[in-house]
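For the protein sequence lines, the chains are A and B, in the order given.
Take the position in the first sequence, starting the count at 1, then add 640; the result is the number in my numbering.
Take the position in the second sequence, starting the count at 1, then add 139; the result is the number in my numbering.
Careful: at least some of the hints might be erroneous.
[What the hints assert, rightly or not] In silico BS3-like cross-links for lysine-lysine, where the CA-CA straight-line distance does not exceed 25 angstroms: (1) B:LYS638 to A:LYS689; (2) B:LYS638 to B:LYS676; (3) B:LYS245 to B:LYS780; (4) B:LYS698 to A:LYS651; (5) B:LYS630 to A:LYS651; (6) B:LYS780 to B:LYS441; (7) B:LYS698 to B:LYS630; (8) B:LYS396 to B:LYS764; (9) B:LYS630 to A:LYS689; (10) B:LYS327 to B:LYS359; (11) B:LYS359 to B:LYS698; (12) B:LYS676 to B:LYS630; (13) B:LYS245 to B:LYS158; (14) B:LYS359 to B:LYS630; (15) B:LYS698 to A:LYS689.
Bear in mind the hints are in silico, worked out from the structure with no lab data behind them.
Chain residues, written in single-letter form:
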Amino acid sequence: MDLTLRVWRQKDGQSTGRFESYQVSGIIPDMSFLEMLDVTNERLIMEGKDPIAFDHDCREGICGMCSLVINGRAHGGFDGTTTCQLHMRKFNDGDTITIEPWRASAFPVIRDLVVDRTSFDRIIQAGGFISANTGGAPDGNAVPIPKPDADAAMDAAACIGCGACAASCPNGSAMLFVAAKVSHLAHLPQGMPERGQRVLDMVARMDEEGFGNCTNHAECEAMCPKDISISHIAKMNREFIRATVRGD
Amino acid sequence: MDTNGSLNGNVPEGPLAEKWDNHRFNMKLVNPANRRRYKVIVVGAGLAGGGAAATLGELGYNVDCFCYQDSPRRAHSIAAQGGINAAKNYQNDGDSTYRLFYDTIKGGDFRSRESNVYRLAQVSANIIDQCVAMGVPFAREYGGQLANRSFGGAQVSRTFYARGQTGQQLLLGVYSALSRQIAAGTVKMHSRTEMLEIVLVDGQAKGVITRNLVTGEIEKHAADVVIMATGGYGPVFYLSTNAMGNNVTASIRAYMKGAYFANPCYTQIHPTCIPVSGDHQSKLTLMSESLRNDGRIWVSMKEGDPRGPGEIPENERDYYLERMYPSFGNLAPRDIASRAAKRACDEGRGVGDTGLGVYLDFTDAIERLGLGLVQQRYGNLFDMYEKITGENAYQVPMRIYPAIHYTMGGLWVDYNLMSNIPGLFVLGESNFSDHGANRLGASALMQGLADGYFVAPYTVGNYLASQTPGDYSADSSEFTQAADDVEDRVKRVLSIDGKRTVTSFHRELGMICWDYCGMARTDQSLKKALDLIPALKEEFWENVSVPGGGDELNPELEKALRVADFLEFAELMCYDALVREESCGGHFREEYQTEEGEALRDDEHFSHVSAWEAPGNGGRPILHKENLEFEEVEFSVRSYK
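With the rest of the complex left out, here is chain A:
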């Protein structure tokens, strides 16, 4: 396959970025999208040019490190697929592919396609945990958890924290990410003691980090590589109202 890549290049957070075009030939349909970028970078290095910086690590769709807005869609927009799981057989010979970093004010660009997502870490630090020190936990079967609850918690907990939700939301909202954690813990009995304070603190932190609010576009759900449902946002809203009314 021969392709034209339009890639966002930006030296660092302070510099102005721009698109640059690269012609790449001899791409094999069995390559993953990131392997296509690897091949492009190998050629750029041999030509004495700067390779394209992008984040990646596990390359099997679970670590959440890879990102990229591909042709306007986070992770390329294929069902349940991260960029590292996307293969070139989904594209056609002669295609022009536009590649951008996540676009959200709470994800500043570090270089080229690499952004800073530590805002997500700070939201978790605000309350995305159960306060149980190591040691002294009761037997794992002491509190039975109905299978539907365990399954619902797992559905939410599948979030990989990649940031595709915020990157594809027109408001740059992180509601799906925050809701996934709130909903995961709100489905479990262990999460109950901190239920109210957790949602209030996490939502407050999300606002402080500069993420926008949800206006039900559902782009996040459509682009989420783990198919996290926006019903978790509804769950978070209920949790938030409950905590507010109760004065938690």
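Please arrange chain B on chain A, whose structure you already have, making use of the hints.
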């Protein structure tokens, strides 16, 4: 080669089952009010490192934690799919601490330290309780009880799981505990920061030199104790199931500063990975071996059979694992299943375009269980397979082939998980301690969390109790020297300006290791590798091309520093494999096999840990042996027939 007396593993006295309890009582404690005066460095934020950092933070120590990823939630523990073992005996099927201990010793081919393994089995039950308390959504039965499955060569159901994402859920549990401590101010997290050197002061580990991967700044960090939990060295083979950034740098730097590296030749090849498709390949993807619970592995009985899987009738198929190992069948342990696949392919019976693959077939499972149940159990794995290969495995059998997955070798540690350098603790995959020559499925997560949650917090405290807090300075000459060395290394690799990319060297190194020190090794192949690797290393330092500068985000520079260390390490691994003249677990020397082609151990001469000391000036590494003494179990031949 020097063969000194046995290394002392500092194993406590007393009966096996009482050692840990006695030792916990005998260890010194640090007064709660004094703990904040001690500074602890933890390198790595996976299950072992993150678990230790969070737990030590909870105890009140002042922790600095480092990871190269942008967040501790991304450590490669996250990619473990199948599950975590624990001797809970919830299924009432005869499991016990002793059975988990025995299975692990036997699975490790009698090359692990008995006392460590027993402790691992003991604390395994606590791990599950702890994870449940932290909200890990393990799979449940309809009655609300925790679900279990049998996994990877075990005849009891002791594996706990969270769909096919157990590692992810356990790591997110660790990450949440760590996040809580970061918010509480007991842990300071340094993400996108890579450790490039360890600093010793008067022979004790007192800190690390790191590079900030965003700004390129070389930083000096001093502390009372250093804990490394930096994972394995699988990517020395270039293609592996490890993450792209996983590396051996921290371990090899510690080795160069005097830490012993133990059993580097013990590498695990996982039998169920998606086969290589071409030269562009950057990594291999594992399909959880839980698939072997219901899938059946086969190849054609004929060599070079051109027919597709659907055209080969039942009586012309060779379900070779079921044939050779009737009692374990498709669940035979990893090393055995991998070698059997290699043998089938070597005989010309491999499948797919490359002939390097075997079928993993779910036709019978779908008939027996129904499509719905198969989808429920393995749906995400089938989806993953389809994304990568473009094939629907509900209709055509999967193709699988072994790939490097885990490394049992690592820095030598004593019973306290402390290396031979006082003050340097090593946890998780980066130490050598619990899996011997072969790790059983669902035991890596168990060991990571055992080390991080339940062992290191005690043993590190015991060490600190003997130290005066704050007895270090990042301005001392040792730190300045180490930081200068790192600066020089960075400058040197940037200044070569050669003609080959970093990746081309890494790929070539990987091919050498896979071809000559992979699934099967010989005296000849290893000597060949030992010729090729130094030559490649020499060429690297003359001809590598690393673009960009040192004071910016520069992924090529990061890779170059890692590959330089893999080149150092590869030689050590091959040398260890050459000297270990027996076959055991993941180390298969073709010269040492039974008539049936199974691994042939030599307990008389090789029942020891090979712990290697870096040579002062070139030359061969120096061997120290820790003799393995088995008080409880008797040597037996691993038989899974």
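Evaluation of the provided hints:
1. B:LYS638 to A:LYS689: Given pair B:LYS638, A:LYS689 holds - Cα atoms ~13 angstroms apart, limit 25 angstroms.
2. B:LYS638 to B:LYS676: Judged against 25 angstroms, a Cα distance of about 15 angstroms means the pair holds.
3. B:LYS245 to B:LYS780: Holds. B:LYS245 to B:LYS780 sits at ~14 angstroms (cutoff 25 angstroms).
4. B:LYS698 to A:LYS651: Status holds; Cα separation ~19 angstroms.
5. B:LYS630 to A:LYS651: holds (21 angstroms)
6. B:LYS780 to B:LYS441: holds (24 angstroms)
7. B:LYS698 to B:LYS630: holds (14 angstroms)
8. B:LYS396 to B:LYS764: Measuring from Cα to Cα gives roughly 19 angstroms; hence the hint holds.
9. B:LYS630 to A:LYS689: Status holds; Cα separation ~19 angstroms.
10. B:LYS327 to B:LYS359: holds (15 angstroms)
11. B:LYS359 to B:LYS698: Holds. B:LYS359 to B:LYS698 sits at ~21 angstroms (cutoff 25 angstroms).
12. B:LYS676 to B:LYS630: holds (17 angstroms)
13. B:LYS245 to B:LYS158: holds (20 angstroms)
14. B:LYS359 to B:LYS630: holds (18 angstroms)
15. B:LYS698 to A:LYS689: holds (17 angstroms)
Hint violations for this structure: none, all hints satisfied.
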